[in-house]
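S.K.: Each residue of the sequence shown is one higher than the last, beginning at 1 in the numbering used here.
Keep in mind that the hints were calculated from the coordinates and are not lab data.
Careful, some of the hints might be misleading.
[Claimed, not checked] DEER-style ranges, computed between Cβ atoms:
hint, residue 1, residue 2, range
1, Leu90, Thr229, 24 to 30 Å
2, Ala122, Asp272, 46 to 52 Å
3, Trp55, Ala84, 46 to 52 Å
4, Val263, Ala122, 36 to 42 Å
C-beta atoms are modelled at their ideal positions from N, C-alpha and C, and glycine is treated no differently.
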Amino acid sequence: MRASLAALTLALAFVPARALACVTCGAGDPTLTVMGAEPPLAGRVRASLGVATLWDRVGETRLVEGRADLSISYAPADWVTLSATLPLLLRDLRDAQRARYTTLGPGDGEVRARFLWLRDRAFAPSHVFGPSVGLRVPTSLDHADARGLLPVDAQSGAGALAPLLGLQYGHFADPWALFASATVSLPFAGRYADTPGPSLSTTVAGQHRFDRAFTLRAAIDTRLDAPATIGGVRDPRSDHFAVFLSPELLWAPTTDWTVQLGVRVPVAQISDGGREEGWTIRAALTVDAAP
Numbered sequence: 001m002r003a004s005l006a007a008l009t010l011a012l013a014f015v016p017a018r019a020l021a022c023v024t025c026g027a028g029d030p031t032l033t034v035m036g037a038e039p040p041l042a043g044r045v046r047a048s049l050g051v052a053t054l055w056d057r058v059g060e061t062r063l064v065e066g067r068a069d070l071s072i073s074y075a076p077a078d079w080v081t082l083s084a085t086l087p088l089l090l091r092d093l094r095d096a097q098r099a100r101y102t103t104l105g106p107g108d109g110e111v112r113a114r115f116l117w118l119r120d121r122a123f124a125p126s127h128v129f130g131p132s133v134g135l136r137v138p139t140s141l142d143h144a145d146a147r148g149l150l151p152v153d154a155q156s157g158a159g160a161l162a163p164l165l166g167l168q169y170g171h172f173a174d175p176w177a178l179f180a181s182a183t184v185s186l187p188f189a190g191r192y193a194d195t196p197g198p199s200l201s202t203t204v205a206g207q208h209r210f211d212r213a214f215t216l217r218a219a220i221d222t223r224l225d226a227p228a229t230i231g232g233v234r235d236p237r238s239d240h241f242a243v244f245l246s247p248e249l250l251w252a253p254t255t256d257w258t259v260q261l262g263v264r265v266p267v268a269q270i271s272d273g274g275r276e277e278g279w280t281i282r283a284a285l286t287v288d289a290a291p
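Work out the full structure: start from the sequences and follow the hints.
M.R.: In structure tokens form, the structure reads like this:
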């Protein structure tokens, strides 16, 4: 966690002092947004540090995870935003044989480019739509003990390249806003015997700004995971579909700073292998800078 905070501080230190201005003024819209949902603005820089805790269970195997995600984005033009994310994961795995594995290390990073195809007007658009492309990169390290590599679920990453393809839509009608997105992940075979299957994630979120400081946001998230393969053989236990309800509070303690507090609650899950995902509790700080 100290490393992530230091990285966020270092990233902000390289932003010129003149850039630390009112970004919402430059964008023409006072909407508070989470990372990746901001309206387009050439020269906009965002840095975010998020932390979360969650649990996952398949049969008698239980995983508890804590994570910190450092994200940085930059918009070189009004029609494109470039971003990168690097996570740090703490994992505690207990398997069906009651063996326990605890690991700490960097997870798989992501780089993305989000493009703006359509908007209804150049300044302060109320409708924006466009695709995104990205790549999940195996930046995680291998975790092993005297007997060799630990189980894949104890590793801090999948160890595989995964192209990411998505679509995003935003509607800004202060004090209301609406967001929708869909992303497909298509992993290649990696350095472990277990290879994740393709995955489709969607989000539909609405929010209301009560004043300049507070916004309530509610989202419905879904994820469909196709079966993974183990040594080239399909693993039906990993076939999974889940629906989550995600209420959040966005708070701006000062101009261009946004604190995000929320939970993600599973409301429906379908899994042939008995997989069950639990609650996710998360918090994030996002800082904006503009030219």
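S.K.: Now look at each hint and say whether the structure bears it out.
M.R.: Results of checking the hints against the structure:
Checked against the given bound of 24 to 30 Å, the beta carbons of Leu90 and Thr229, roughly 27 Å apart, stay inside it. At about 50 Å, the beta-carbon gap between Ala122 and Asp272 stays in the expected band of 46 to 52 Å. The given range of 46 to 52 Å is broken by Trp55 and Ala84, whose C-beta atoms sit roughly 27 Å from each other. Taking 36 to 42 Å as the suggested C-beta distance range, the pair Val263 and Ala122 conforms, at roughly 37 Å.
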